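Residue numbers (the working numbering), protein chains in the order written: chain A, 1 to 310; chain B, 1 to 177.
Everything labelled a hint here was simulated from the structure, so no lab data went into it. It should be emphasised that the depicted structure is a prediction, and the values quoted were computed from it without experimental measurement. Backbone N, C-alpha and C define an ideal beta-carbon position, used for all residues, glycine too. Wrong hints could be hidden among the right ones.
Said to hold, decoys possible - Chain A regions said to be covered by chain B (calculated; three or more residues, Cβ under 8 Å):
1. 21-31
2. 41-52
3. 297-303
Claimed, not checked - Distance windows between CB atoms, simulated:
4. B:Pro82 with A:Lys86: 25 to 31 Å
5. A:Thr96 with B:Lys164: 55 to 61 Å
6. A:Asp73 with B:Lys88: 51 to 57 Å
7. A:Asp92 with B:Pro82: 52 to 58 Å
8. A:Lys200 with B:Thr107: 50 to 56 Å
9. A:Asp92 with B:Lys85: 39 to 45 Å
10. B:Lys85 with A:Glu286: 18 to 24 Å
11. B:Thr107 with A:Glu227: 56 to 62 Å
12. A:Arg35 with B:Lys25: 33 to 39 Å
13. A:Gly113 with B:Lys80: 26 to 32 Å
14. A:Ser123 with B:Lys18: 33 to 39 Å
15. A:Glu12 with B:Arg13: 52 to 58 Å
16. B:Asp116 with A:Asp73: 16 to 22 Å
Stated by the list, open to error - Each computed DSS-like pair below joins lysine-lysine, with the alpha-carbon atoms no more than 30 Å apart:
17. A:Lys31 with A:Lys151
18. B:Lys85 with A:Lys68
19. B:Lys85 with A:Lys150
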Amino acid sequence: MQLKNKDLLGLEYLTKDEIELILDTAVPFKKLFTRSIKKVPTLRGKTTVLLFYEPSTRTRISFELAAKRLSADTINIATQTSSVIKGESLIDTGKTLEAMKSDFVVIRHSMSGAAHLLAKTISASVINAGDGTHEHPTQGLLDIFTIKEKKRKIKGLKIVLVGDILHSRVARSNIWGLTKLGAEVVVTGPSTLVPKSFEKMGAKVCYKLDEALKDADVINILRIQLERQQEHLFPSLREYSLLYGMDKEKLRLAKEDVLILHPGPMNRGIEITSNVADGSHSVINEQVTNGVAVRMAVLYLLAGTHSVVR
Amino acid sequence: MSPKILMNDKEVRQSILKIKQSIIKEKKDLKNLVFIGILTRGVYIAERLINEIKNEKKINIPLGVIDITFYRDDIDSIAKQPLAKETKINFDLTDKEVILVDDVLFTGRSIRAALDEIMDFGRPKRVQLAVLIDRGHRELPIQADYVGKSIITDYKDKVKVKLKEVDNIDSVVLIKE
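Extracted from the complex, chain A is given alone in its bound form (with noise of 0.2 Å):
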């Protein structure tokens, strides 16, 4: 069992075989935390660009920390600080790198559809960090592989993606990959944020919040984008928190054992209260601690295509 693709673009071109594979991949991985020296040499003389467009902390430092793990070494661009100011396209930035002979290529962008185009352009693994409104397939596979881990199976669990459905690359990456394990996706949020097209994807439109969540057995949170608020798809912030912020009343329509997840970074006190993030159910820093093991299985398997494709 191998991946087919050189690059990982989206959960969307996976199949349910490579998914399991990835997360099969990323338990051994998860053990080697626990040593003392925390690096293997597997990777040693590839080299990881991380190419990001957008701001991010969590997401790149993962992806830094997973390569170094790896023995590999890695080269972070900053776009605020590079070429790209002066008006350098993808394409070219990409060739460039390739020139460089890099291994890797992470990239964040705001653009949907950026990574493909840069996957195709270039004969490195691209890995998507998340592009625009598409898809951001290492966040929804730890998301999966934090679930599989605390409840043990993903088919017939049902999963709550709460809050911007519309805009969330998360909510596209988790619907398309807990969908193809046989999870139950339900989306729930302001109508204007949860569109009734997810349900081509396999997810279950629901507006009601509490219908949503009884019997729920994983609630995914996501951020609400502050910026949107000025798009006036919602009345304010203090609504929007009194009917979708999960806080402990909400909580209780759900399973006992519920799990609490959230992509970071949160914004306390709209989305969800402290005491839900900091609560029992929250499992939000075992997902940062799983989002390292999951890319290093990401970069390990994707090196294994690189023997074919070349």
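Please arrange chain B on chain A, whose structure you already have, making use of the hints.
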């Protein structure tokens, strides 16, 4: 060509007893001794050695398990990435006498990988190597301290060790290309 049997179950057992005898003979003090088996079959051979020593000397020797996947040197040349299992060394290796155990000794590259991984866990006093079968063709300066049986093979031959724990039978077979 049909596989040739190099060792039957009796010979496998005798080889393990032979290795055990040499270890007991050489090691005055078994208290500092630990075994590390290389997944998969090295672990079962290490387990059998530990049981045999326990029967004779009434001493419990710790067993560590090592998966060398992340330490391999052929990541670039193998199309299929091997699925790694878990390395478990739940004891401190500092100043320990380690006996590393594998089923077949061939190029020596697996042993190189295992040695690197062991060093990431601590600084043992000494590391020795025990193998059920040594088939030659070393590509690195590595040799075993305890050998069940040495045989001459062609480089392209395959030597397959089968053990009851996973294969329902104890045997070593040679498959000619």
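- Query: Out of the numbered hints, which ones does the structure contradict?
  - Reply: 4, 6, 7 and 14
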